[in-house]
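In the numbering used here, each number is its position in the sequence shown, counted from 1, plus 137.
Worth double-checking, as some hints may not be accurate.
Stated by the list, open to error - 20 Å max Cα-Cα, derived EDC-like pairs, lysine to aspartate or glutamate: (1) LYS299 - GLU248; (2) LYS301 - GLU365; (3) LYS299 - ASP342; (4) LYS229 - GLU189; (5) LYS229 - GLU260; (6) LYS301 - GLU178; (7) LYS229 - GLU178; (8) LYS301 - GLU248; (9) LYS229 - GLU298; (10) LYS229 - GLU143; (11) LYS229 - GLU248.
Said to hold, decoys possible - The calculated label-pair distances, taken between Cβ atoms and stated as ranges, are: (12) ALA290 - ILE399: 27 to 33 Å; (13) HIS145 - LEU323: 38 to 44 Å; (14) ALA372 - HIS153: 17 to 23 Å; (15) GLU212 - THR288: 33 to 39 Å; (16) GLU248 - VAL207: 20 to 26 Å; (17) ALA305 - HIS145: 16 to 22 Å; (18) GLU364 - TYR306: 38 to 44 Å; (19) LYS229 - ILE339: 35 to 41 Å; (20) GLU365 - GLU178: 21 to 27 Å; (21) ARG218 - ASN368: 34 to 40 Å; (22) GLU178 - TYR406: 40 to 46 Å; (23) HIS153 - ASN277: 38 to 44 Å; (24) LYS301 - GLU184: 39 to 45 Å.
Hints in this document: simulated from the structure, not taken from any laboratory.
The structure displayed is predicted, hence computed values, not measured ones.
Ideal Cβ positions, reconstructed from N, Cα and C, are used throughout, including at glycine.
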Amino acid sequence: MLYELETHQRRWTITHPQVMAILNCTPDSFYAQSRCQTECEISRKAERMLSEGAAIIDIGGVSTRPGAIVADEEEEVRRLRVALSAVRSVHKDIMLSVDTFRPAVARMAVEEFGVEIINDVSEGGAAANGGIMAEAARLNSVYVLMSVQPTLARTINVFQEKCKLLQAYGINSVILDPGYGFGKDLEQNYALLAGQQTIAEIFPDYPLLVGVSRKRMVWQLLGLTPEEALNGTTALHFAALQQGAAILRAHDVRQAHETIRIYMQLERYR
Numbered sequence: 138m139l140y141e142l143e144t145h146q147r148r149w150t151i152t153h154p155q156v157m158a159i160l161n162c163t164p165d166s167f168y169a170q171s172r173c174q175t176e177c178e179i180s181r182k183a184e185r186m187l188s189e190g191a192a193i194i195d196i197g198g199v200s201t202r203p204g205a206i207v208a209d210e211e212e213e214v215r216r217l218r219v220a221l222s223a224v225r226s227v228h229k230d231i232m233l234s235v236d237t238f239r240p241a242v243a244r245m246a247v248e249e250f251g252v253e254i255i256n257d258v259s260e261g262g263a264a265a266n267g268g269i270m271a272e273a274a275r276l277n278s279v280y281v282l283m284s285v286q287p288t289l290a291r292t293i294n295v296f297q298e299k300c301k302l303l304q305a306y307g308i309n310s311v312i313l314d315p316g317y318g319f320g321k322d323l324e325q326n327y328a329l330l331a332g333q334q335t336i337a338e339i340f341p342d343y344p345l346l347v348g349v350s351r352k353r354m355v356w357q358l359l360g361l362t363p364e365e366a367l368n369g370t371t372a373l374h375f376a377a378l379q380q381g382a383a384i385l386r387a388h389d390v391r392q393a394h395e396t397i398r399i400y401m402q403l404e405r406y407r
């Protein structure tokens, strides 16, 4: 595994799978234990995530769970300023990602707090000037392109189309996210994961980010709740690594990091 990405702050080389820790500064994320809102809560959680092996902290100010009320831009900015300031107080050099689909929010995060990754859940949103892709290009940030398509074939088609657009904007540091839980039912999620290696083979220069942590595809299948879905999440994390994942976006950092270590040990003997 070898990926070379460049941000406005550093050259980032990925030689083995890494953990992107999820830090939600929202009051309504689907997994209640992931919610942090005060500076003290956020800084403590960030410190623990780093000690448990997080390479990146992904901070979101708007819940994307089904049925959630989408906070307006002003509120998203307010939440993120609190969270980003708290995390920076813990570690000034940690790689930060902002989970947003709004260009102005991304700009604030990059310019005020040095965020290096724009994690966009809108599949590129509007492609016109001022869109999230154009903003990522202006900010010289790593851009996460997430699919909201229901099948492997449509996901690949959209990735091919959008990657051409990203190249036209001058963005070469791209991470691809198949978008588990977005625009897909239970069966479609598992069918996509089973074929995920195909994405890695078609796009060998772009690392794959997988976000399955405690999602409906785990707890719905097993008849559980998100709070009970850690074991199932770990099983899917291992499967995702076998299918080419380079980054695991996870609530439970220690467990994800341990999964990566076990996977890498097995890979030594293949």
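### Task
Of all the hints given earlier, name the ones this structure violates by number, lowest first.
Hint check: 1, 2, 5, 6, 8, 9 and 23 fail, others pass.
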